[in-house]
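For reference, the chains in residue letters:
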Amino acid sequence: DQQVKQNSPSLSVQEGRISILNCDYTNSMFDYFLWYKKYPAEGPTFLISISSIKDKNEDGRFTVFLNKSAKHLSLHIVPSQPGDSAVYFCAASRGSQGNLIFGKGTKLSVKP
Amino acid sequence: DTGVSQDPRHKITKRGQNVTFRCDPISEHNRLYWYRQTLGQGPEFLTYFQNEAQLEKSRLLSDRFSAERPKGSFSTLEIQRTEQGDSAMYLCASSGDSGRGPRAFFGQGTRLTVV
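Read top to bottom, the protein sequences are chains E and V. All letters in the first sequence, in the order written, are residues 1 to 112 by our numbering. All letters in the second sequence, in the order written, are residues 1001 to 1115 by our numbering.
Don't read these hints as lab results, they were simulated from the structure. Even glycine gets a Cβ: it sits at the ideal position worked out from N, Cα and C. No incorrect hints appear here.
Pair ranges (Cβ atoms, derived):
no.: 1; chain 1: E; residue 1: Ser-51; chain 2: V; residue 2: Ile-1012; range: 39 to 49 Å
no.: 2; chain 1: E; residue 1: Asp-59; chain 2: V; residue 2: Gln-1050; range: 23 to 33 Å
no.: 3; chain 1: E; residue 1: Ile-53; chain 2: V; residue 2: Asn-1018; range: 40 to 50 Å
no.: 4; chain 1: E; residue 1: Arg-17; chain 2: V; residue 2: Arg-1081; range: 49 to 59 Å
Let the sequences and hints guide you as you build the complete structure.
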């Protein structure tokens, strides 16, 4: 039973436009949510996170929105750049020290 | 600070052989995690250490798998009697008490191929 779901395996966006990556979760006990980016043959790289007590966190071009009632979060990238092309993983955790539960990832392609 | 380091980067082994992977975490981090990633999937949690104590193990970690973190520094993950289903990317991550939640830093992984 997948507790973290990324239902879109891929997304293609034009350079300069907004990329929106979505993630749903089932476990209401999760209290931290994170986004990681992964290039081929590399480990995941942390992008941005949000605590369950917030509904928005912004860091430069990246913004994460959390809707707890819908058990849904999204990552917005504005403006999208070709270097953003990678696989993006949504992850969730119970507590600040626990292990991470990952979704299957969404492959983002940003076309020049 | 050179980040999380994993060795080897690639390992090809014959079915039935034992393999051991090493992870060197970021030096000030007290927590160390092992994950496994197969094609088309996200990383799946295997086990977790706080300092030298192994605090949690996933049901994915069969009795053929063992992990250690002597003296709370580097960690090793051993797989005995490897099977073809063990072929995957094995990822190590570490985190510290930064007050920034469960943000973990990953190594580049060890890709295991069992033939």
